[in-house]
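Number of protein chains: 2
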Amino acid sequence: MSLEIVSSNKSFAGWHKRYRHRSTTLQCEMTFGIYLPPQAEQGAQLPVLYWLSGLTCTDENFMHKAGAQRLAAELGLIIVAPDTSPRGADVPGDPDGAWDFGHGAGFYLNATQAPWAQHYRMHDYVVDELPALIEAHFPASAKRGISGHSMGGHGALVCALRNPGRYQSLSAFAPISNPSQCPWGEKAFSRYLGADRATWQAWDACALLADAPEKLPILVDQGDRDDFLLQQLKPSALQAAAEAAGHPLTLRMQPGYDHSYYFIASFIDDHLRHHAAALCR
Amino acid sequence: MSLEIVSSNKSFAGWHKRYRHRSTTLQCEMTFGIYLPPQAEQGAQLPVLYWLSGLTCTDENFMHKAGAQRLAAELGLIIVAPDTSPRGADVPGDPDGAWDFGHGAGFYLNATQAPWAQHYRMHDYVVDELPALIEAHFPASAKRGISGHSMGGHGALVCALRNPGRYQSLSAFAPISNPSQCPWGEKAFSRYLGADRATWQAWDACALLADAPEKLPILVDQGDRDDFLLQQLKPSALQAAAEAAGHPLTLRMQPGYDHSYYFIASFIDDHLRHHAAALCR
Numbered sequence: 001m002s003l004e005i006v007s008s009n010k011s012f013a014g015w016h017k018r019y020r021h022r023s024t025t026l027q028c029e030m031t032f033g034i035y036l037p038p039q040a041e042q043g044a045q046l047p048v049l050y051w052l053s054g055l056t057c058t059d060e061n062f063m064h065k066a067g068a069q070r071l072a073a074e075l076g077l078i079i080v081a082p083d084t085s086p087r088g089a090d091v092p093g094d095p096d097g098a099w100d101f102g103h104g105a106g107f108y109l110n111a112t113q114a115p116w117a118q119h120y121r122m123h124d125y126v127v128d129e130l131p132a133l134i135e136a137h138f139p140a141s142a143k144r145g146i147s148g149h150s151m152g153g154h155g156a157l158v159c160a161l162r163n164p165g166r167y168q169s170l171s172a173f174a175p176i177s178n179p180s181q182c183p184w185g186e187k188a189f190s191r192y193l194g195a196d197r198a199t200w201q202a203w204d205a206c207a208l209l210a211d212a213p214e215k216l217p218i219l220v221d222q223g224d225r226d227d228f229l230l231q232q233l234k235p236s237a238l239q240a241a242a243e244a245a246g247h248p249l250t251l252r253m254q255p256g257y258d259h260s261y262y263f264i265a266s267f268i269d270d271h272l273r274h275h276a277a278a279l280c281r
Numbered sequence: 001m002s003l004e005i006v007s008s009n010k011s012f013a014g015w016h017k018r019y020r021h022r023s024t025t026l027q028c029e030m031t032f033g034i035y036l037p038p039q040a041e042q043g044a045q046l047p048v049l050y051w052l053s054g055l056t057c058t059d060e061n062f063m064h065k066a067g068a069q070r071l072a073a074e075l076g077l078i079i080v081a082p083d084t085s086p087r088g089a090d091v092p093g094d095p096d097g098a099w100d101f102g103h104g105a106g107f108y109l110n111a112t113q114a115p116w117a118q119h120y121r122m123h124d125y126v127v128d129e130l131p132a133l134i135e136a137h138f139p140a141s142a143k144r145g146i147s148g149h150s151m152g153g154h155g156a157l158v159c160a161l162r163n164p165g166r167y168q169s170l171s172a173f174a175p176i177s178n179p180s181q182c183p184w185g186e187k188a189f190s191r192y193l194g195a196d197r198a199t200w201q202a203w204d205a206c207a208l209l210a211d212a213p214e215k216l217p218i219l220v221d222q223g224d225r226d227d228f229l230l231q232q233l234k235p236s237a238l239q240a241a242a243e244a245a246g247h248p249l250t251l252r253m254q255p256g257y258d259h260s261y262y263f264i265a266s267f268i269d270d271h272l273r274h275h276a277a278a279l280c281r
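Chains as they are written, first to last, in my numbering: chain A, 1 to 281; chain B, 1 to 281.
What the hints contain is simulated information worked out from the structure, not anything from laboratory work.
Watch out, some of these pointers could steer you wrong.
Claimed, not checked - Pair by pair, the computed Cβ-Cβ distance ranges are:
id : chain 1 : residue 1 : chain 2 : residue 2 : range
1  : B       : M253      : A       : T56       : 37 to 47 Å
2  : B       : K215      : A       : A98       : 28 to 38 Å
3  : B       : G97       : A       : N163      : 44 to 54 Å
4  : B       : R252      : A       : R273      : 25 to 35 Å
5  : B       : D96       : A       : H137      : 41 to 51 Å
6  : B       : Q45       : A       : G256      : 48 to 58 Å
7  : B       : G97       : A       : G165      : 54 to 64 Å
8  : B       : R273      : A       : A98       : 42 to 52 Å
9  : A       : G97       : B       : A240      : 52 to 62 Å
10 : A       : G194      : B       : S7        : 37 to 47 Å
11 : B       : R197      : A       : G256      : 32 to 42 Å
Claimed, not checked - Dumping the calculated EDC-like pairs for lysine to aspartate or glutamate here, alpha-carbon to alpha-carbon at most 16 Å:
id : chain 1 : residue 1 : chain 2 : residue 2
12 : B       : K65       : A       : E60
13 : A       : K17       : A       : E60
14 : B       : K10       : A       : E135
15 : B       : K10       : A       : D224
Beta carbons are placed, not taken as given, at the ideal position from N, Cα and C, and that holds for glycine.
Hey, can you work out the whole structure from these sequences and the hints?
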């Protein structure tokens with residue numbers, strides 16, 4: 001697997017770099033961003049936080065707007081931000097050109113239905129191919145955390161809950177908590193996975209919590225002025241599922257905050273410390 | 001003068017807001033961003049840091065990418081980010097559609113030449129109209145600092161040096177230090193100010209330093225891997241002018257850093273503390 005460097009910017013004495021590579025899982029070219037803290041040049045093997053962005057984003061939104069590099073540099077944490085879907089002219093997108101399906105909206109699952117199944121395998125890309133690439137090419141240890149926002153918060157929850165032992169820390173900002181029961185999720189799942197709602201449960205955090213063999217503690221921040229709170233995000237469903245399963249969940253309703261990166265930036269330090277407490281020891 | 005709110009996002013327990021207003025100076029509608037730290041809701045009169053962005057930017061780039069809100073919230077500092085030029089269909093732009101003149105490239109001066117002179121009066125807007133607006137509508141004291149990046153670093157230096165007593169603190173990131181002697185400045189000044197280079201000196205920080213009646217200390221950060229360093233920015237000219245005038249300048253060459261917001265974010269905290277030391281007492 002070869003990596004082609006796209007750009008490199010010094011940031012807080014470390015480096016933000018972007019790489020392009022051919023993904024065998026997704027059968028297209030993919031770009032990801034990586035923040036390498038200054039400790040990466042000192043021969044250390046560093047833990048990695050995977051960040052999954054939300055609908056319409058690329059690898060760049062988080063690196064531009066979250067302000068995570070300052071504390072990541074202090075903690076010695078690598079951050080990897082993949083794109084949010086397979087990309088390219090060969091990859092089918094939403095037939096109506098909508099922004100909530102297809103390009104920029106891979107939902108971090110493995111599609112089973114034509115024409116999506118060929119390329120839309122973001123779960124396997126995020127969980128397997130990308131970490132293998134990172135751990136082969138960078139001073140990355142096998143200590144892994146995962147977090148994300150909105151669709152990416154859903155992705156972080158599902159990737160960790162489906163793969164016990166693969167991640168040592170987990171958090172989310174304003175996740176789509178119960179995608180099989182909200183319009184964004186119903187649109188995406190009915191196309192990527194088909195009409196049989198029973199198959200959707202394997203990609204729904206609320207369903208996965210019921211049987212999770214590993215009780216990885218979850219930190220979730222959610223703004224109470226988020227426009228998508230009640231119809232799409234449904235943190236109360238996540239809370240109910242966690243309580244029913246006895247799964248440790250810290251759900252913080254943040255008064256006045258919305259769905260934007262201003263919200264994420266305001267609390268990213270708490271999430272980085274949550275991950276570092278599990279990863280940096 | 002009336003303000004129309006465009007958007008409002010809670011950020012670090014304070015608020016990032018955008019407002020639209022009719023500018024009498026620029027004879028067009030203008031949008032600015034303001035960060036109000038949490039102390040603004042507690043009845044305090046707070047100092048204001050004016051941030052001037054670089055070529056092609058709007059009021060949003062700094063607020064999205066610099067990561068300044070965290071420490072501004074701690075220090076109790078308001079930050080105001082105006083747009084970088086007059087805007088609108090009635091405002092003439094670059095005849096060739098270039099990005100380094102006209103819209104997004106007002107150079108923070110008062111144009112004297114047709115057709116620019118009617119609208120391009122960013123100096124008076126930044127120095128007079130905008131602070132009057134801010135101090136009338138927000139809990140802002142008359143303690144003012146000014147900073148900026150690239151074209152906006154030039155603007156910050158010139159606004160402060162031309163108006164002794166108006167600002168109590170001054171800094172810049174990678175400023176266009178000697179615009180009368182570089183391609184960006186020569187293009188802009190020859191159009192906005194005309195062919196007589198003698199008139200350009202009133203808008204060039206290096207010339208202004210020679211006669212500055214007030215020795216306001218200047219903090220400048222400059223990346224040594226900045227693609228524009230030698231041809232456009234010329235910090236050595238600023239250093240020579242400051243030394244000749246006995247003007248206090250701390251010029252920090254930052255190894256490995258480029259011209260991007262990754263560079264600005266890496267050192268914004270130092271600049272906020274530089275301003276707070278003068279403004280927050």
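Outcome of the hint check:
no.: 1; hint: M253/B - T56/A: 37 to 47 Å; verdict: holds, 39 Å
no.: 2; hint: K215/B - A98/A: 28 to 38 Å; verdict: violated, 59 Å
no.: 3; hint: G97/B - N163/A: 44 to 54 Å; verdict: holds, 51 Å
no.: 4; hint: R252/B - R273/A: 25 to 35 Å; verdict: holds, 29 Å
no.: 5; hint: D96/B - H137/A: 41 to 51 Å; verdict: holds, 43 Å
no.: 6; hint: Q45/B - G256/A: 48 to 58 Å; verdict: violated, 23 Å
no.: 7; hint: G97/B - G165/A: 54 to 64 Å; verdict: holds, 56 Å
no.: 8; hint: R273/B - A98/A: 42 to 52 Å; verdict: holds, 46 Å
no.: 9; hint: G97/A - A240/B: 52 to 62 Å; verdict: holds, 56 Å
no.: 10; hint: G194/A - S7/B: 37 to 47 Å; verdict: holds, 39 Å
no.: 11; hint: R197/B - G256/A: 32 to 42 Å; verdict: violated, 53 Å
no.: 12; hint: K65/B - E60/A; verdict: holds, 11 Å
no.: 13; hint: K17/A - E60/A; verdict: holds, 10 Å
no.: 14; hint: K10/B - E135/A; verdict: violated, 37 Å
no.: 15; hint: K10/B - D224/A; verdict: holds, 11 Å
Taken one by one, the earlier hints fail for this structure at numbers 2, 6, 11, 14, listed in ascending order.
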